[in-house]
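Peer 1: Here's the letter readout for the chains.
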Amino acid sequence: MPVRESVSKVHVESPAPRKPTEHKTIIWALTNSAIGVAAFLITCVGLHAILPFPEIDGGVSQKFRFFAAHKDEFDTLFIGSSRIYFQISPAIFDRVTRESGLPTHSFNFGIGGMYLPESAYLLEQILNLKPRNLKWVFIEYDELQTKWSPENQTSRRALYWADWKRVSLLLRKLSDAGTAPLWLPNPAKLRDIMLRQKKEKNTRSLLTFYAGQLEKNYTNVARAADIPDHFLSRDTKERRASYLGAASDGYVTRPNRMSAGQAAAYERGLADAMAQAGTRRLSPYTVEAYRQCAQEVRNIGVAPIFLITPSMTQINIATESVGVPGVVMAFNNPRDYPSLYRSSVRRDGQHLTKSGAEEFTRIVAANFVELARAGEIK
Amino acid sequence: MSFVEFRFLWFFLAVFIVYWTMRNNAARKVWLLLCSYCFYAAWNWKFTFLVLGSTTVDYIVGQMLGRSERPAWRRFWIATSVCVNLGVLAFFKYFNFFVSSASGFLAWLGLPASVNTLNIILPVGISFYTFHSMSYTIDVYRGKQRPISNFVDLSLFVSFFPPLVAGPIVRAVYFLPQLVSAKKFSNVDVRGAVMLFLAGFIKKACIADGVAPTVDRYFAHPADFTAASAWIGVLFYAIQIYCDFSGYTDMAIAAARLLGYQLPNNFQFPYLARNVSDFWRRWHISLSSWLRDYLYIPLGGNRGSRGFAYRNVMITMLLGGLWHGAAWTFVIWGALHGTALLIHREWTRFTEGLKWAARGMRWFAWPITIYAVCVAWILFRAHDLGSAGTILKQFVLFRGGGNEHFHRWFLLLIGGLALIHWLNSRRWFAESWRQWPAPVFAAAYGCTFAVVLLFVPPHYTPFIYFQF
Numbered sequence: 001m002p003v004r005e006s007v008s009k010v011h012v013e014s015p016a017p018r019k020p021t022e023h024k025t026i027i028w029a030l031t032n033s034a035i036g037v038a039a040f041l042i043t044c045v046g047l048h049a050i051l052p053f054p055e056i057d058g059g060v061s062q063k064f065r066f067f068a069a070h071k072d073e074f075d076t077l078f079i080g081s082s083r084i085y086f087q088i089s090p091a092i093f094d095r096v097t098r099e100s101g102l103p104t105h106s107f108n109f110g111i112g113g114m115y116l117p118e119s120a121y122l123l124e125q126i127l128n129l130k131p132r133n134l135k136w137v138f139i140e141y142d143e144l145q146t147k148w149s150p151e152n153q154t155s156r157r158a159l160y161w162a163d164w165k166r167v168s169l170l171l172r173k174l175s176d177a178g179t180a181p182l183w184l185p186n187p188a189k190l191r192d193i194m195l196r197q198k199k200e201k202n203t204r205s206l207l208t209f210y211a212g213q214l215e216k217n218y219t220n221v222a223r224a225a226d227i228p229d230h231f232l233s234r235d236t237k238e239r240r241a242s243y244l245g246a247a248s249d250g251y252v253t254r255p256n257r258m259s260a261g262q263a264a265a266y267e268r269g270l271a272d273a274m275a276q277a278g279t280r281r282l283s284p285y286t287v288e289a290y291r292q293c294a295q296e297v298r299n300i301g302v303a304p305i306f307l308i309t310p311s312m313t314q315i316n317i318a319t320e321s322v323g324v325p326g327v328v329m330a331f332n333n334p335r336d337y338p339s340l341y342r343s344s345v346r347r348d349g350q351h352l353t354k355s356g357a358e359e360f361t362r363i364v365a366a367n368f369v370e371l372a373r374a375g376e377i378k
Numbered sequence: 001m002s003f004v005e006f007r008f009l010w011f012f013l014a015v016f017i018v019y020w021t022m023r024n025n026a027a028r029k030v031w032l033l034l035c036s037y038c039f040y041a042a043w044n045w046k047f048t049f050l051v052l053g054s055t056t057v058d059y060i061v062g063q064m065l066g067r068s069e070r071p072a073w074r075r076f077w078i079a080t081s082v083c084v085n086l087g088v089l090a091f092f093k094y095f096n097f098f099v100s101s102a103s104g105f106l107a108w109l110g111l112p113a114s115v116n117t118l119n120i121i122l123p124v125g126i127s128f129y130t131f132h133s134m135s136y137t138i139d140v141y142r143g144k145q146r147p148i149s150n151f152v153d154l155s156l157f158v159s160f161f162p163p164l165v166a167g168p169i170v171r172a173v174y175f176l177p178q179l180v181s182a183k184k185f186s187n188v189d190v191r192g193a194v195m196l197f198l199a200g201f202i203k204k205a206c207i208a209d210g211v212a213p214t215v216d217r218y219f220a221h222p223a224d225f226t227a228a229s230a231w232i233g234v235l236f237y238a239i240q241i242y243c244d245f246s247g248y249t250d251m252a253i254a255a256a257r258l259l260g261y262q263l264p265n266n267f268q269f270p271y272l273a274r275n276v277s278d279f280w281r282r283w284h285i286s287l288s289s290w291l292r293d294y295l296y297i298p299l300g301g302n303r304g305s306r307g308f309a310y311r312n313v314m315i316t317m318l319l320g321g322l323w324h325g326a327a328w329t330f331v332i333w334g335a336l337h338g339t340a341l342l343i344h345r346e347w348t349r350f351t352e353g354l355k356w357a358a359r360g361m362r363w364f365a366w367p368i369t370i371y372a373v374c375v376a377w378i379l380f381r382a383h384d385l386g387s388a389g390t391i392l393k394q395f396v397l398f399r400g401g402g403n404e405h406f407h408r409w410f411l412l413l414i415g416g417l418a419l420i421h422w423l424n425s426r427r428w429f430a431e432s433w434r435q436w437p438a439p440v441f442a443a444a445y446g447c448t449f450a451v452v453l454l455f456v457p458p459h460y461t462p463f464i465y466f467q468f
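Keeping their order, the protein sequence lines are chains C and A.
Each residue of the first sequence is one higher than the last, beginning at 1 in the numbering used here.
Each residue of the second sequence is one higher than the last, beginning at 1 in the numbering used here.
Since the hints were made in silico from the structure, they are not lab data.
Errors might be hidden in some of the hints.
Unchecked claim - Quick list of in silico lysine to aspartate or glutamate cross-link-like pairs, EDC-like style, CA-CA up to 20 Å:
#	chain 1	residue 1	chain 2	residue 2
1	A	K46	C	D192
2	C	K24	A	D189
3	A	K184	C	E22
4	C	K199	C	D235
5	C	K147	C	D176
6	C	K147	C	D57
7	A	K183	C	E22
8	C	K378	C	D272
Pulled out of the complex, with its shape left as it was, chain A reads as follows (with noise of 0.2 Å):
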C-alpha cells in the first residue's frame, strides 16, 4: 500500500476517523499501532514479526540500560542492540552483496571459489525502522532518552505507519516525548497539512511517475542514446528521485500531522545548494543528522588532525552509500559525495580571506554543485558500473555513441521544474491560501485535486526509496 493509491485513502480515512473519535490516549495509540501493522502487513505480514522483534530487542535493551549502573554492562547491552539491529539488516539487505562481492573478489586472486546467494527477499523500509529502533537505545544509553517503559510506546514509535518504510528517520528524543499527552483535534493544522499532501502527491504522482519512463528507458540502454539525451536522462533522474522521495516525505508529514504527531524535515530545497556540504544539510536531513550524530561524531568527528577527520568523513559517506544499496555503485556513490565534501573544506580553507575567490564562487557555486550532484547520481542508477562508465562518457565527456533521442521540449519541463523549484523556495506559493474562507478552500481543493489526477500516469511506480 503506498500513499498515492486508492486504498490508502480509504485506509487512512478509517484510521484518522476512528483515531479522533476516540478519546482516550491509550487507546488511540493502541489504535495507532494496530493500524501501523496492518500497514506494513499490506507489503507482507510475515516481516510484521521482524519489526516486533526488532521493537522487543531494543525495548528489553532499553529497561537493562535503565537499570545497569556499571559500564561494562551499559556497553554491552549497547553493543547487543546494534549487533542485533545491523545483524538484521546485514543479513536482508546485504548477504548476498557480501557472498557475491568475496567469491568475485577471490577469483580475482585466482582462488575461485563456488558460493552459494540465498534467495532473500528485503523486507521494505528495513533500513528506516532499524534506524529509528536504534536511536532509541543509543540515546538511552547516552543518557538523552529515559527507558520507556509502555511497550505499546515504543513499538508505536518504531513502527508509526506514516515514516516507516521512507522516512524520514525520526529519533526517540523527537518522537516519545509526543506520546505523552493526547492530541487535541483543534490544534491540528488541517489546511497546512492537506496542502503539504497535495504537494507530495503532485510531486511523487505527477513529476516522479511521469518522469519516470524516459528515466527508465535511458538507463536500461544508455549506449544507445546521443550526449544530450544522457543529459536529459540524467537530469530527469535528478528530478525524478528529488520529487519521489520528497513527494513521499511530504505526504508522510502531512498525514503524521492530521493525526497530532509531528515529524522532522528532510528536505530544505536541495538543488539549490551552492556547495556539497550545503547540499546534505538540505538532501535527507534525517539521515545525514543521523550518520552525523550517531556514526561521524562518535569516529571523532572533527577533532584530531586533518586526515583523521578527513577519514571519518569518508568513512561515513561510505556507509552513508552502502546505507542505500546492497552495491557497489552505492559504495562509489557515497566516495564520491566524500570526496566532493573533502575537496570542498580543502578550498574554503584555502580561499578563506580571498575576495575573488568569494566573488567568482557566487557565479559558479550553484552550477559546479548541480553538477557535482548530478555526476554522483549516475552512480546512483546505474545498472552497474560499466553502464555508469557509459553514460559517464555520455555526460562528462559529451561522447555519445547512439543515435536515439529525446523530444527537445523536455529541457523546457526541466528549465520549468527549475523555475518552480526556484519560486518554492522564495515562498511564492505559500500560504496565500491561508486566507480563503474554509469552504471556499474545501471546494478548491477538492477541485484541484480533481484536476491533477488528470496527469497523473495509469501505472503506478513503486517509491525508490522503498527498495533501501
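This is chain C alone, in the form it adopts within the complex (with noise of 0.2 Å):
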C-alpha cells in the first residue's frame, strides 16, 4: 500500500471515543457518593433543628405544650411515671409548702409509662426551654428500662426520645459496657448475646431496636405529620382536660379501689416484698443517667431531688449510699410510711387511690419543707 494512502486514511477515521478507566469510573462513582451523603446528613439535620416538638400520645405533647407556654409560672416541676402522674397533687402540695411559710407553684408532669430514658429526655427538652422560675425539680427514681413491649415498639412514644445521650446508655446497660468513656463490652456477655443464650434471648433483638430508634430518630422517620399538627392543633378542651386535670396542673386523680380479692392479693404480695426490702440497688447504668439529668438541672439553678414512690415493685430498691447527685426522698420502706401501703388507699400494687395521693403528697411536701429548712434542699 503506498503511504501517501495509508497517511491519508489514518486522516479520515475519527478518533474513538476514549472510555474512562474503571478505576477513574469508581472514584467519580465515590466522591458523588460523599456528596449524596452529605447533602443527606446536612438535610437530616437541619429539618431535625426546625422540626416541632413531635405528636407524642399519652398526654406528653399536652403536657408540654401546656408548660412551654407557661413556663415562667412554676417553680417545683415533678416528672415521672403513672406513680407520679396520679399521685402528686400540685394543688395539695402548694397548699402545703403555703402553710409551712416555703410557698410553691408546682407542675405534676407525670406522664403514664414514662421510665427512664424517656423521662430523661424529657427533662432536657423542659429545661430547655429555660423557665426562669423553676427552682425545684423532683425526678422519679427508678431503674434504666430497657425493655419495651412489642406492641409499644411500633408507636412514635418509642422513638421521640432515642438520641445519642439514651441510646448509648442503654447500649451500655444491654451489653455491659460500664459507663467509662471507652466502651468495653463484657466479652462473655457479647458471646451470650451473640448466640442468644442463658438471660440474653432477647438482647440481639433490644440492640437492633434501639440502634434502629437511634437511626430513625436522627433522619427524622416520620415526621412529616408534626408539621400541620404544629399550625392545626388538633386538641380540644376535653382532650386537653384529660392530660391537665381540671385545675391545669398536670394531675389527674383516679379514686377506683381494689376489689376484697385484690386487696387480699396485694396484702400477700406486700408480705413479699417487704421480705427483700432494700436488697436492690440501682446499676450504674442509671446512676449515671441520673448523675447528667442532675447536672443539666444545675446548669441552670435549680434543684434535683429524687423521689421514690410507694410502689410494690419500689420496695426492694436500697437508698443507701447509692452515688446518685442529689436528695433522694425515699418513700418505698411500708414500716416508716405504713398508711400509703394500706389496701384501703390502694388501687394496685403500683398506684394510690385519690385519698391516697392527697396523703403521700402532704407527707412529700412536708419532708420537702423540713429538708429545706434543713438546708438539704437549696
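If you follow the hints, you should be able to join the two separate chains into one complex; please do so.
Peer 2: Here it is, written out as C-alpha cells:
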C-alpha cells in the first residue's frame, strides 16, 4: 500500500471515544456518593433543628405545650411515670408548702409509662425551654428501663427520645459495657448475646431495636405529620383537660379502689416484697443517667430531688449510699410509711387511690419543707 | 432484614464495597453467595439448610440429566426434582391446610375425624426460591440450559439475595449466563439503579405502609363500616398490595443492578390494564410467565378443543391462587381470575369484527377490569370466607351495616395516586434527571431521601409477599 494512501486513511478515521477507566469511574462514583451522603446528613440535621416538638400520645405533647406556654409560672416540677402522674397533687403540695411558710407553684409532668430514659429526655427538653422561676425538680427514681413491649415498639412514643445520650446508655447497659468513656463490652456477655444464650435471648433484638430507633430519630422518620399538627392543633378542651386535669396542673385523679380479692392478693404480695426491702441497688447506668439529669438541672440553677414513690416494685430499691448526686426522698419502706401501704388507699400494687395520693402528696410536701429548712435542699 | 430497614443499608453497603473491590469473578461470586446466605439467615439461620438442600438436589439432578440419554431416566430425574421441590413446598406451606381441609370435608360427610396439625414455621420466600430452582432442572430437561458443573454458580442463582424472598422469579436461562464474565463497574447504570431504589422505597415505605393501618382496620372488622368506607378500604388495599410488591421488586432489581446483574421486570402498570389477560401480562409478570411456560403449556395450552384449553386456564389459575397461600380464599381468588380470563376470551370471540363493541369497550374496558381486579382482591385479603362475603356485600351490593367511616379526603389520596400512576406510565417523571451533572444529581438525591423519610411511618410493616 502506498505511504500517501495509508496516511490519508489515518486522517480520515475519527478517533474512538475514550472510555473512562474502571479506576476513574469508581473514584468519580465515590466522590458523588460522598456528596449525596453529605447532602442527606445536612438535610436531616437541618430538618431535625426546625421541626416542632413531635406529637406524642399519652399526654406528652399536651403537657409539653402547656408547660412551654406557662413555663415561667412554675417553680416546682414533678416528672416521672404514672406513679407521679396520679399520685402527686400540685394543689395540695402548694397548699402544704404555703402553710409551712415556703410557698411553691408546682406542675405535675407525670406521664403514664414514662420511665428512664424517656423521662430524662423530656426533662432535658423542658430545661431547654429555660423556665426562669424554676427552683426544684422532683425526678422519679427507678431503674433504667431497657425493655419495651413489642406492641409499644412500633409507636412514636418509643422513638422521639432516642437520641445518642439515651441510646448509648441503653446499649451500654444491654452489652454491659460500663460507663467509662471507652466502651468495653463484656466478652462473655457479648457471646451470650450473639448466641442468644442464658438471659440474653432477646438482647440482640433489643440492641437492634434501639440502634434502629436512634437512626430513625436522627433521620426524622415519620415527622411529616408534626408540621400540620403544629399549625392546626387538633387538641380539644376535653382532650387537654383529660391530661392536664381540672386544675391544669398536670394532676389527674384515679379514684377506684381494689376489690376484696385484689386487696387480699395485694397484702400477700406486700408481705413478700417487704422480705426483700432495700436489697436492689440501681445499676451504674441508671446512676449515670441520674447524674446527667442532675447536672443539666443544676446547670440552670435548679435543685434536683429524687423521689421514690410508695409502690410494691420500689420496696426493694436500696437508698443508702447509691451515688446519686442529689437528695433522695424515699417512701418505699412500708414500715416507715404504713399509711401509704394500706390496701384501703391503694388502687393496685403500683398506685394509690385519690385519698392515698393526697396523703402521699402531703407527706412529700412536709418532707420537702423539712429538708429545705434543714438546708439539704437549696 | 428488609430493604426498607436501616440495617439493610449497612448490609448492602458492605456487600457493595467488598464486591467491587474484588477483581476475581470467582471470588466475587463466593462473596455474593456468602452474603446471600447471611441475608437469609437474618430471618432464621436454620432454613438456610433448606435452601442449600434444594440447591444440592437440583445440582445433582442437573448433572444426572446431563449424563442420561435414555428418556426414561431423564423422566425419572426430572420427576425427582419436581417431587422434592414441590414436596418441601407442600410440607411447609400446605400441610396444615390440607389436613384441616380434609378434616372439614370428613366432618361435612358426617365422619368427624380427630386430626392434628403441626406447628410449622413457613420459611420466608420458599415459593420463590423453589420456583427459581425448579426452572433450572426443567430447562436442563428440556435442553434449553446446559447442566452447571460449578456448584457455586447454581447456589448463587438460587439464593441471590435481592430476589430471594419475594421475587421476581428468576429463571436459570436468564441468570446463569450473567455469571460467566466479571462485571465492570463502568457498565453499571448507577443513576438509574438508585432512582429505581428510591421509587421502590417510596412505594413501599411511604405509600404501602402509610395506607396499611387503614386497610388493617377495615379488614379486621368490615361489618362495622359503611359501604363508602368499604370502597375506600378495598381500593386502599389494591394500592397497598401493588406498592408493597412492586416496591420490593423495584428495590430488588436496583440492588441487583448495582452489583452488575439484571433481573426481569415484574410489573408494567397493571392497574392500567384494559382486560384481565392484559392485567396478567402486567402483574407479577415473572410468576404469570413461569406458570404459562412450566404449567399451562405443558398441560396443553391452547391446543385441542376450547373446553380443553379452558380447563388448562382454570387449572393454572387455581394453582396460581394456591401458590399465594394455603387458604381457600386464595383458591377462590385464582378461580375468579380464571373465570374472568375465560369470560374475556369468550367476549373477544363473540365481538370479533363488531365495531360497536370495540367502541363501547374503549370507555368501559378499564373500569370493568379494575372493578373485577378489586373484587378479586377482597378474596385475597379477607381473613376468611365469612368476612369476604360481608365485604363483597358492601363493595358489590352497596349494603353496609356499620356506622364507622373513613375521612373523605382518602378519596382524594386515591385519585392523586391514580393520577401519578397514569402520569408515570406516560413517562412524565422519567429520565429528566439523567441530564443533570453527577454532583448535582447526588446532592438532590441525598436531600430527597432525607425528605422522603419524613413520610415513612415509625413502624416497619413486613412485605406482604414475604408470607407467600
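Peer 1: None of the hints should be skipped; say for each whether it holds.
Peer 2: Hint-by-hint comparison with the structure:
| no. | hint | verdict |
| --- | --- | --- |
| 1 | K46/A to D192/C | 19 Å, holds |
| 2 | K24/C to D189/A | 15 Å, holds |
| 3 | K184/A to E22/C | 7 Å, holds |
| 4 | K199/C to D235/C | 44 Å, violated |
| 5 | K147/C to D176/C | 15 Å, holds |
| 6 | K147/C to D57/C | 19 Å, holds |
| 7 | K183/A to E22/C | 11 Å, holds |
| 8 | K378/C to D272/C | 38 Å, violated |
Taken one by one, the earlier hints fail for this structure at numbers 4, 8, listed in ascending order.
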